[in-house]
Amino acid sequence: MSKDRGRRTTVSGSKKRRAGTSLAGALCLAPGVRLERGDRRDTPVLLCPEGQVHLNRGAAAIIRLCDGSRRRDDIVAEIVRRAHGRLLETDVGEFLDAARSRGWIVEVPSI
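Under the numbering used here, the letters of the sequence shown match residues 51 to 161, in that order.
Heads up, some of the hints might be wrong.
[Said to hold, decoys possible] Label pairs and their in silico Cβ distance ranges: (1) R114 / G135: 18 to 24 Å; (2) D89 / E139: 29 to 35 Å; (3) G101 / R131: 30 to 36 Å.
Worth flagging that the hints you see were computed from the coordinates, not collected in a lab. Where a beta carbon is used, it is the ideal one built from N, C-alpha and C, also for glycine.
Please work from the sequences and hints to get the whole structure.
Listed below in C-alpha cells is the structure:
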C-alpha cells in the first residue's frame with residue numbers, strides 16, 4: 051500500500067508501530083469519521099473532522115473491516131486472504147498504523 055493515493059504524508063518513526071504488533075482490542079472508526087462513496091461511485095471517501103480523504107479500493111476495504119468486531123491481526127489476515135497473497139501483511143499493518151495515528155480508527159476494549 052505504499053503507493054496508495056490516500057496516503058498523503060508519511061508517518062514519523064516515533065508514531066509508527068511495528069507491523070507485527072497485536073492490539074488487544076478491536077478496531078473501529080473514530081468518532082466523527084465515516085466511509086462514504088465520493089462524487090464518483092468508484093471513489094471511496096473517508097469523511098473526518100479534518101476533511102475528506104480519497105481512498106483507493108484496498109484502503110477502503112481495510113477501513114470497512116474496522117467495524118469494532120475485529121482485532122488488528124484479524125483485519126490483516128482477512129485482507130491478505132481476500133487479496134490471495136497479492137498484499138503483504140506489513141503493507142496492511144502499516145496502513146492500519148497510519149490510520150490510527152491520523153485518528154481515523156481507534157481501539158475499543160475487547161469484551
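Now for the hints, and whether the structure bears them out:
1. R114 / G135: 18 to 24 Å: holds (20 Å)
2. D89 / E139: 29 to 35 Å: Holds, since D89 and E139 (Cβ atoms, about 33 Å apart) stay within the stated range.
3. G101 / R131: 30 to 36 Å: The hint (30 to 36 Å, Cβ to Cβ) holds, given that G101 and R131 are roughly 32 Å apart.
When each numbered hint is compared with the structure, no violation occurs for any of them.
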